[in-house]
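Number of protein chains: 2
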Amino acid sequence: MGRILRVNLRTSKYYIETLPDEVLRSWLGGRGLGVYMLLKEMNPKVDPLSPYNKAIVATGPLTGIAGIPLSGRWASITKSPLTNTIHDSQSGGYFGPELKFAGFDAIILEDASEEPVYLWIHDGKVEIRDAKHLWGKDVHATTDMIVEELTPEIGKEEAEKASIACIGPAGENLVRIASIMNDKNRAAGRGGHGAVWGSKKLKAIAVRGHMRPSIVDETSFREVVREMVELIKASPATAENLPKYGTANIVPVINAHGIFPTRNFQTGVFPEADKISGQTIAKEIMDWEKQKKEICWGCLIGCARYTRITKPPFTGEGGGPEYETVWAFGAQTGTGDLAAVSKANYLCNELGLDTISMGHVIGTFLELVEKGKIPSEKLRGLKATWGNGEVLVELVWRTAYRSGVGDDLAEGALRLAKKYGAPELAMVVRGQELPAYDPRGAQGMGLAYATSNRGGCHLRAYPMAVEVLGVGGLVDRFETKGKAVLVKEGQDAFAVYDSLVLCKFIGFAPPIGLSHFARLLSAVVGWDMTEKELAKVGERIYNAERVFNILSFGDGEEYDTLPKRLLEEPMPEGPSKGHVVRLKEMLPEYYAIRGWIRGRPTRKKLEELDLKWLADLLEREGLLPE
Amino acid sequence: MGRILRVNLRTSKYYIETLPDEVLRSWLGGRGLGVYMLLKEMNPKVDPLSPYNKAIVATGPLTGIAGIPLSGRWASITKSPLTNTIHDSQSGGYFGPELKFAGFDAIILEDASEEPVYLWIHDGKVEIRDAKHLWGKDVHATTDMIVEELTPEIGKEEAEKASIACIGPAGENLVRIASIMNDKNRAAGRGGHGAVWGSKKLKAIAVRGHMRPSIVDETSFREVVREMVELIKASPATAENLPKYGTANIVPVINAHGIFPTRNFQTGVFPEADKISGQTIAKEIMDWEKQKKEICWGCLIGCARYTRITKPPFTGEGGGPEYETVWAFGAQTGTGDLAAVSKANYLCNELGLDTISMGHVIGTFLELVEKGKIPSEKLRGLKATWGNGEVLVELVWRTAYRSGVGDDLAEGALRLAKKYGAPELAMVVRGQELPAYDPRGAQGMGLAYATSNRGGCHLRAYPMAVEVLGVGGLVDRFETKGKAVLVKEGQDAFAVYDSLVLCKFIGFAPPIGLSHFARLLSAVVGWDMTEKELAKVGERIYNAERVFNILSFGDGEEYDTLPKRLLEEPMPEGPSKGHVVRLKEMLPEYYAIRGWIRGRPTRKKLEELDLKWLADLLEREGLLPE
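Read top to bottom, the protein sequences are chains B and E. Adding 1213 to a residue's 1-based position in the first sequence gives its number in our numbering. Adding 1213 to a residue's 1-based position in the second sequence gives its number in our numbering.
No lab work stands behind these hints, which were simulated from the structure alone. All figures in this text were calculated on a predicted structure; none of them were measured in a lab. One or more hints might be untrue.
The list cannot tell twin chains apart, which means a pair is met if one copy fits it or any two copies do.
Said to hold, decoys possible - List of simulated lysine to aspartate or glutamate pairs, EDC-like, C-alpha gap at most 20 Å:
1) K1226 to E1834
2) K1253 to E1230
3) K1338 to E1370
4) K1596 to D1500
5) K1369 to E1802
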């Protein structure tokens, strides 16, 4: 760990650097390393789509080590053009391990090229190649074309094993909800990272290699791996539900709690939920043969889906749909048509769009139409009503290419709703579209959304696990007490997951958690790591991210909030009827636990986390609280 | 007539020139003037998408003169990237008259800009403006944005009266079947002229003016106009069928003759023809209020359609569909779903695609799939079967943006079929996709297709009028005798229509024809024009075009042919059952009447047409026959 490739896209020069061990131990990799490097190297005020923004691609110290469950991931870290926050977006597939096998732990992408390029990194060698012929091509075509190009150079078999991360037309067109895709159907989806690559004219990164990472203490390593594998095999979530029904296995339970956000969070009950559940997917549209190829590197669970829809008017096949996707294109748009939802999903994969934000924004748009905010000529006769599958497909095309009203959707829900005079209809936190849980029926989730550094997100902390799903215990979901500590600890823990770049589903096999990771790190890297030290790393990362945001746009308590609808409109029906998010009951406690004042870390807290340099930075800008 | 604007797009310089009267009298305007100028100024061998190609925009001597029926048109002339032939594409709306009112009869567009630009021409003034913000925008958005830009400069009312011709994403992406659109829904559709503008980075031309053309002899002018108007009002085609049912009024009669090409010309009978007829359009989807705005400048007929489809999965509204469009997206793809056909039409208008070629190419593609020529991974699960409306919509999107397999469709039917190893499935002449008449049941149409200088076309000569429709008489459609003269005279006459830039529907009010045009020209311009002289102009143009093609790619008898299917596979069913096109029975006679040898004009013929300079050109290249 610690081999960094720095690429200046303007000058086409690259540099290989090594990170000191103390930096690695303090920030691990992935998300943590990303925020560290961006804070060290970049002014957080830069325009995310300017050449001054940097894009980081990073693995973690456990990535690509055979045997470690769920370690086949990678992270993209940059300043988000959707939220202006520090932002990391994580993805599975084969790209992370292959990058490591190719000889690098992370890539820092600097400045912008004038003409489209792609990187080809293999066994320690780096090439910056012309990508003019790839510009405009969709994700699948780009991937196939690069494999074809590599074939005469390294042979068909090797070329087909190369892993390719790329952007589609959406990223090229600077769509603020554009994803980076890898291995065709895996997405670093959220936050518009695809647009950052697009702004740098970076079309793709292809990686392939044979340089295996080493392990310091094989015996301890094997022991902890064996334990973890057993736990994964023993947990119903990881052994049964996820492999059989994918992430969308939870559709029925979420809907049964009345927190499946429907029609842009107007209610939490979607009558057609069963039509888009993981159970229905498994029964009706799965291709189990092709699914095998979709499973991430070294994964024991295999939650990936590969599906096929064969009945017009919606036909196609591809990766997905996931839970968040069936929600975003389904309940959020009032659509119970699994084929339409799947088709929209396939197109997002091909065009390079985040399915969560894309579906969510369509829902925002439909409510704007419903409320009479969109001039009818903008619709060009499109029947933009809840539950019309065609709308999904058409608006995905239009958004990716900024065609017609798609030019507005491409800006994300907040900018869209503002443009049409109804910002209150944007169900966002820090400009990022909320995902598939209505927090009015899960108070902890509300606090997690509100305080998420990258904007509205279910993957910064997941109190759902104990508020609804009963993974590792169960607490009263309508209670606000105790949620602050739950969220704070969850946030710090997930900062560790994302910095080790592990799949969060490993947490669905309790008691797997930081203590196992500490043992793994000790065995692999040779650090004498403890659970406590890891938790502190997580907290360090969370605080550093917040500092980045404060420096970027003055983040603080006025951003630690939720859309008015969730705070003031009681859930109108179902098992969460009558509830709002009682954020004010949780936020003071949260700040107290965090050692923050009005949403900003104090010098004391920062120094405790060995972040004196960030306290100094804040102070210099007059942004340190008290 | 004779004021020419020459714009060099590379240097951003423009020049105003005047054409001598003898050139105008010899070539009239529009199509004729275009081929003259291109032959004079350009090497016919240039790559059509290189900066060396020129694009001409031209009106005619009768354009924009109030009172003259059907004179509200304009022509685009260039070397086609689809066919490599000289190519003219004609369009209605308001653009032609407004260009004239803005002070110019024609524009010669030379070289290519580095960055997107548009032209703004108003009352004799010319501006070359930045169009970077318009690049990527669809036709409707581009039009609206230019109107919005002009509003503060000339006021809302004037800005809204500006007429805008532009390309959509398809033209920008150099799609070989991209159209130039004007007034949103009017198309210079065929031959990929949109790609030529795209290659020059010319996004749009906006025109508006108040400079009215003058008339030499008002009295004679009024007399001939009155006569023509009466004839138009008296003919059932122009007084009844076209205004009531649009061009698609002929769907039932064409299908009833068994010559409505179905599933890529596999048969001539489409069982679902009535579902997509003009009569059904009028009954089910017309918006008569909005239709009024679609009618071309000064038109008495009003064949334009404006329609709306409201039932998912296909909703929308817009101009069309025309006869050729319901055929191309309907019978040619085996689709009897008027909503799907209309949706595909709207998208073509917005994205800037020729509906004939687009629908036709989808039909080619579907037959390639049917015959097992397309590898299944290219389909990505799309159910590419006859009659699936979704296929139309998806492939229109993909073609415009060259996404996935759309990259192949964007090359046109011939290049598509060749790439997948089945060129015989391309139903083209000179690379241009055939339109909506199966010539096996109309021998003259077969000869007209085969000898069309711009490639397979129903608008170079229209023997259908007397072979099937009974306009101005009726002849035996299966007979080959007499068809050569019919086609030759039709071609020469239509060359005159296209050079005066008149709508061909004026010929649906017989006996309106060259004699009326000669009288009109005499009255308006002051020439002592006769029908005979006009016919000679037509013949001159047709021969000049052929010379261009000979110089471009060696045109000659091997190109004067039809797809094998039409020559060798007897029509399998219906009222034209058992017939093939007996081209060999007609072609020698046609050449004899033309004074051509093996498809090439002789020196004698060329000199007779005052084209000695072209005979010299051919001779120098060793291409003069005998």
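Evaluated hints:
no. : hint           : result
1   : K1226 to E1834 : neither (34 Å within a copy, 51 Å between copies)
2   : K1253 to E1230 : within (15 Å within a copy, 62 Å between copies)
3   : K1338 to E1370 : within (19 Å within a copy, 62 Å between copies)
4   : K1596 to D1500 : between (32 Å within a copy, 16 Å between copies)
5   : K1369 to E1802 : neither (58 Å within a copy, 57 Å between copies)
Checked against the numbered hints given earlier, the structure breaks hints 1 and 5 and satisfies all the rest.
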